[in-house]
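> So you can see what is in the structure, the chains are spelled out below.
Protein chains: 6
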Amino acid sequence: MSSERADRGAAYMATLDPGLEGALRKGMAPIAPDFADMMVEFGYGEMMSRPGLDPKSRQFVTLGILAGLGHPVDQLKGHINGALSVGITPKEIVEALMQVAIYAGFPAATNALRVAKRVFAERGVSPLPSSGEN
Amino acid sequence: MSSERADRGAAYMATLDPGLEGALRKGMAPIAPDFADMMVEFGYGEMMSRPGLDPKSRQFVTLGILAGLGHPVDQLKGHINGALSVGITPKEIVEALMQVAIYAGFPAATNALRVAKRVFAERGVSPLPSSGEN
Amino acid sequence: MSSERADRGAAYMATLDPGLEGALRKGMAPIAPDFADMMVEFGYGEMMSRPGLDPKSRQFVTLGILAGLGHPVDQLKGHINGALSVGITPKEIVEALMQVAIYAGFPAATNALRVAKRVFAERGVSPLPSSGEN
Amino acid sequence: MSSERADRGAAYMATLDPGLEGALRKGMAPIAPDFADMMVEFGYGEMMSRPGLDPKSRQFVTLGILAGLGHPVDQLKGHINGALSVGITPKEIVEALMQVAIYAGFPAATNALRVAKRVFAERGVSPLPSSGEN
Amino acid sequence: MSSERADRGAAYMATLDPGLEGALRKGMAPIAPDFADMMVEFGYGEMMSRPGLDPKSRQFVTLGILAGLGHPVDQLKGHINGALSVGITPKEIVEALMQVAIYAGFPAATNALRVAKRVFAERGVSPLPSSGEN
Amino acid sequence: MSSERADRGAAYMATLDPGLEGALRKGMAPIAPDFADMMVEFGYGEMMSRPGLDPKSRQFVTLGILAGLGHPVDQLKGHINGALSVGITPKEIVEALMQVAIYAGFPAATNALRVAKRVFAERGVSPLPSSGEN
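Protein chains in written order, with full-length UniProt numbering: chain A, 1 to 134; chain B, 1 to 134; chain C, 1 to 134; chain D, 1 to 134; chain E, 1 to 134; chain F, 1 to 134.
Next up, chain A with everything else stripped away, as it sits in the complex (with noise of 0.2 Å):
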């Protein structure tokens, strides 16, 4: 009934990573399945895939959103993966992330280059100039 929605939220999900959909189901399996159909459904397949904004720019808003709450380290992790996978830089995350200490604080900017870290060295990636100083 509702595949459509589905379907897209999965490409959507896919462009980010594609394994993102199978680990949310796998995760919520034990717990509660429907759960991750209305992230796969609506959160990706209604809102995120909308046409009227560019993958890259709603990456930019979440990266705002995730790293200014402080708390949701695992989604800030995975949509700063994302961001890699829609073409954003490495030193576009970097520079996106330090904004945050203006916004929210530095312990949150922090915080979050510190996740962006992470993500780079299992993506083999660096936000640094290939000379790499320090």
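Simulated from the structure, these hints should not be mistaken for lab results. Some hints here could point you the wrong way.
Result set (BS3-like, lysine-lysine): computed pairs, CA atoms no more than 25 Å apart in a straight line [as the list claims (entries may be wrong)]:
hint, chain 1, residue 1, chain 2, residue 2
1, E, LYS91, F, LYS56
2, E, LYS91, B, LYS77
3, F, LYS26, F, LYS91
4, D, LYS26, C, LYS56
5, E, LYS26, C, LYS117
6, F, LYS77, A, LYS77
7, D, LYS26, F, LYS117
8, B, LYS26, E, LYS77
9, C, LYS117, E, LYS77
10, A, LYS26, D, LYS91
11, B, LYS26, B, LYS91
12, B, LYS117, A, LYS77
13, F, LYS117, F, LYS56
14, D, LYS56, C, LYS77
15, C, LYS77, E, LYS91
16, F, LYS91, D, LYS26
17, B, LYS26, A, LYS56
18, C, LYS56, D, LYS91
19, D, LYS77, A, LYS26
20, E, LYS26, C, LYS77
21, D, LYS26, F, LYS26
Facing chain C, a subset of chain D residues (Cβ under 7 Å, in silico) [unchecked claim]:
hint, residue
22, THR15
23, ASP17
24, GLY43
25, MET47
26, LEU53
27, PHE60
28, THR62
29, GLY68
30, LEU69
31, LYS91
32, GLU95
33, ALA96
34, ILE102
35, TYR103
36, ALA104
Think of the CB as a built atom: it goes at the ideal place given N, C-alpha and C, for glycine as much as any other residue.
Starting from the structure of chain A, add chains B, C, D, E and F where the hints point.
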């Protein structure tokens, strides 16, 4: 001594709103003029004007942080205005703020959209097709 | 296509406040009518109207979230009103909001109680014994 | 002097978890034993044990506050456990926490559901039908 | 029964603002008089009046919490007033609130400084050198 | 060019923890060395080292913000350590963090006290009388 930072900050602020620096300095004059200096010199002159991220993307991050936190209403209003000034369309702003519902809840998104409605009315713009809303 | 969800959402909203859906749609009409659809169809039609939890308990959860976050004042007002509509007594609402002090601090509880005072006055109800307060 | 409050608080805590008071007092003993007293005497003895709201409803409010705030993970874990103890079913807890997505965003709800998953596993209960779909 | 706590709380409140207890009790009378009792007896009588920390330091902690959270505007206003009453200078208050920018962002600090500006105006004090502001 | 700010910031940081600047620079080196500069030069060199407020009072404000927000756990740990370094006693720190319960809820206070317990253990200090009751 810090005139280069101040000039760069003032120039960046002017791209968001020609009256922004003046309003900030006037508001802080009777209580904390140094704080206005910090906003101009550090906030805008050192951080926001860094070349590594374009102004549109910075505004998307800022909208995300402010709408997600929920309480900084005046700053959200100012940065929705600034988003329009750097070329983000009303429709893109609406999409960005709708998306806040996913990551910070519908109330945060609803209240942010209401602020946008006021800014759009003041500037005489609309996110809806010209043939009319709904 | 989504009429079943929309109908179920509208019906649930009506149990909280007969004017809620209309006010939501009117407020969002000039800026984000799709967002109103999402609230009705997803928020109320898919989530809040799920059969696994009774409406009173859902309102208690909602009061806790909104009062704890502190910034969504209009939504808290609406859901205090909705709590009365689904049969929660004024006294129970007061008890729930007082309890917010333990988990989110006295200021959050105080401000929520002030909102409740306004709602109770509008509806002509009181949490105190009829012989009078204090 | 405050033994009546302390007794009432201890009794209420025991209904949530027989080991709760002991764990609290042990944890605070080397640093702030008075703080443990306040939790028992004021938090539970004066506030939570008030007769005007039943323990189930109090737990729903508490789950809403803690899941909405996002950062008090240990307390959320404790109160999910307490919710089970006062007779809220695993399925009702899941419904309550899913609903957090509407008012505080999907990340807050997701993280709360993950905490519930751990509590359910520890207590050997499940919110799903026993045939265990998904 | 609890008169010692109540007296101690009332005395502490009076050092912050002679009208504080009365305003609190009056505001809560029609809805939650017990909550006012708790504020006086527990909040001020048991916690704030503890001898282990001087009133000035307690006000600095309180200003940090309230300004950092951002949403409790009325309470921040009250405690800026209370800070003046216990001998913190307008300039020290401004410094404390400016510092909020580092740990919770410039918007939180800006909004707190605006509240301070109103309190200072009401009390006829200024944080600036008497020869005048910048 | 900014060496005066940097020197002043580094000197202030050293009063909190001789290893603080080095740890910050090392942590940010692979991802955002400019961000470490900003922390040293602006955060500590321009803001925290301002003469208008003594270091103890600044630490009380900082403890309030960080404990109230709840999510910046590492920063809270660092600033509890810094509080000890500028001469705030373990007992005063405990009092300040207990007080967080009034303004931001018991969970925020409890978690902050747990962080303090770890810092005190690492530094071999205690807030309790040496005979160690409780």
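> Check each numbered hint from earlier against the structure, then list the numbers of those it violates in ascending order.
When the structure is compared with the hints, numbers 2, 3, 4, 11, 12, 15, 17, 21, 22 and 23 turn out to be violated.
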